[in-house]
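S.K.: For reference, the chains in residue letters:
Number of protein chains: 2
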Amino acid sequence: MLIRTPGSLEEITANHSFGGWHRRYRHYSETLRCEMVFAVYLPPQAARAKVPALYWLSGLTCTDENFMQKAGAMRVAAELGMAIVAPDTSPRGAAVPGDPDGAWDFGHGAGFYLNATQPPWAENYRMHDYVVFELPELIEASLPINASRGLSGHSMGGHGALVCALRNPGRYRSLSALAPICHALASPWGEKAFSRYLGADRTAWKAWDACELIADASERLPLLVDQGEADAFLVEQLQPETLRQACAAVAHPLRLRVHPAYDHSYYFIASFIDDHLRHHAAALLT
Amino acid sequence: MLIRTPGSLEEITANHSFGGWHRRYRHYSETLRCEMVFAVYLPPQAARAKVPALYWLSGLTCTDENFMQKAGAMRVAAELGMAIVAPDTSPRGAAVPGDPDGAWDFGHGAGFYLNATQPPWAENYRMHDYVVFELPELIEASLPINASRGLSGHSMGGHGALVCALRNPGRYRSLSALAPICHALASPWGEKAFSRYLGADRTAWKAWDACELIADASERLPLLVDQGEADAFLVEQLQPETLRQACAAVAHPLRLRVHPAYDHSYYFIASFIDDHLRHHAAALLT
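The listed protein sequences derive, respectively, from chains A and B.
All letters in the first sequence, in the order written, are residues 722 to 1007 by this note's numbering.
All letters in the second sequence, in the order written, are residues 722 to 1007 by this note's numbering.
Among the hints, a few may not be true.
Identical chains blur together in the list; that is why a pair holds if it fits in one copy or across any two.
[Claimed, not checked] Think about it this way: if two alpha-carbon atoms lie no more than 20 Å apart in a straight line, the pair counts; the simulated SDA-like pairs of lysine to any residue are:
#1 Lys791 with Ala735
#2 Lys791 with Asp984
#3 Lys913 with Asp822
#4 Lys771 with Asn867
#5 Lys791 with Gly740
#6 Lys913 with Cys755
#7 Lys791 with Arg744
#8 Lys913 with Thr782
#9 Lys927 with Glu858
#10 Lys913 with Val797
#11 Lys791 with Thr734
#12 Lys771 with Ala824
#13 Lys791 with Arg745
#14 Lys913 with Arg978
#15 Lys791 with Gly891
#16 Lys927 with Glu940
#17 Lys771 with Pro974
#18 Lys927 with Gly814
#19 Lys791 with Ala824
Hints were generated in silico from the structure; no laboratory data involved.
This is chain A alone, in the form it adopts within the complex:
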């Protein structure tokens, strides 16, 4: 059943977790023109007052569920009194066009957190506006979450976190990423996605590339970035050295930690997520 009432949240599931609540909601997104599901973790403190939120952007193929189930983030979020919001990674549903070849790195599960300009993608694929504007406004109006926002993500979602925060100074108070696609316009995943969502003109791609945006950023949120050295996507897709150079060129504060032996999996995320939660809490809770 399609719920087209803007701002109406339908609760799908609720699980008590670390003294707080993990809840999943369905709603109709005006921005994406389809039904969307997102998840939120509300720490125990949210029962008494509005709390800040870390928005988490997941990687290719994920939904709202992967991070909530696998990252082990709720323990420290409960301790700190910080909510976590996990949106889906693309518009969804039979009416939303997906990859014509059924590939996993474009279309459904691969929205790349941008606003598409090319048909047929421009109709639904506006994940930037959804995660930066529509979703926080809906959440802050409906749930015990205030407008003190942090942003983080993994892989495609790390790219999304960097890009969404860098494009919107003042919108987030803290920023971090795990194994982000640092220079999407020069990575095979990014080239495939950008050429379709944004068209063949590569100059238009720069507005959605973290390294390009860093150069002109008017806000210098300190970046915490973790990367596994055994990540199979490190060299070709993620390119953390491009981010290091882009930050160094403009003295953008970056703490890039490269960890031997860690791969691209949620085991890597879980191993370091507590540091990210505390990085965000330092900005969101003071």
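Chain A is fixed; fit chain B onto it per the hints.
M.R.: For chain B alone, kept in the frame of chain A given last:
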């Protein structure tokens, strides 16, 4: 490819996690007469010396993966220097008979940690002997894990943990359970499984029922049991009060904690798993 060499482990995956390694192995089980997959978390300390292990028995429908991905247990296991071993929940494969109706509460994913006596189940369904004998012996001969064993589990796996430890005094040094099926012979899940695996004679069922075994136990390992009060299976399937009464009748040490609002999910397990790891470490690491 079927590997029939007893004691031969084929590594399937390896992920660095919290300074240690999550590894999945395939091997041929002589006990179950099929190929099996299990997972192990080796903490950083296992690089230098053999470490104790907590054996975790999962619930209905699970494989080796659910606990490792969702419980958030590796952080404290790494801190304590304790391995975690997660077997599958039944024999597997096309040659192993499953539920004739394709149900999820019998057959594949539902071995109930017993030794079946009835055809056609008796041929493969010998999960008790597999998790108590074959698997630990294989692991202790092949991996940096010693014979200091703890046992825990969830739901059907909580039943399995209680029954396997109570049937084998001296084999485990610590025991706990989350939301266990406490009195399987009087629960619908247990009645369905026992009547098929063990036959119609209910007297034979008592040897696989935690409450019955508690009464005659020669060893009194202190039990830590957590249960969610909002667990949908609490009254009909799990019946923790039967365990409380069985323990009280023979002064078996039991710490039964009933937590308001928690359900049967891995969010419940994650919320309390650290306490279980520390409960086991107190026995295994001293």
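S.K.: If you test the structure against every hint from before, which numbers come out violated?
M.R.: Numbers 6, 9, 10, 12, 14, 15, 17, 18, 19, in rising order.
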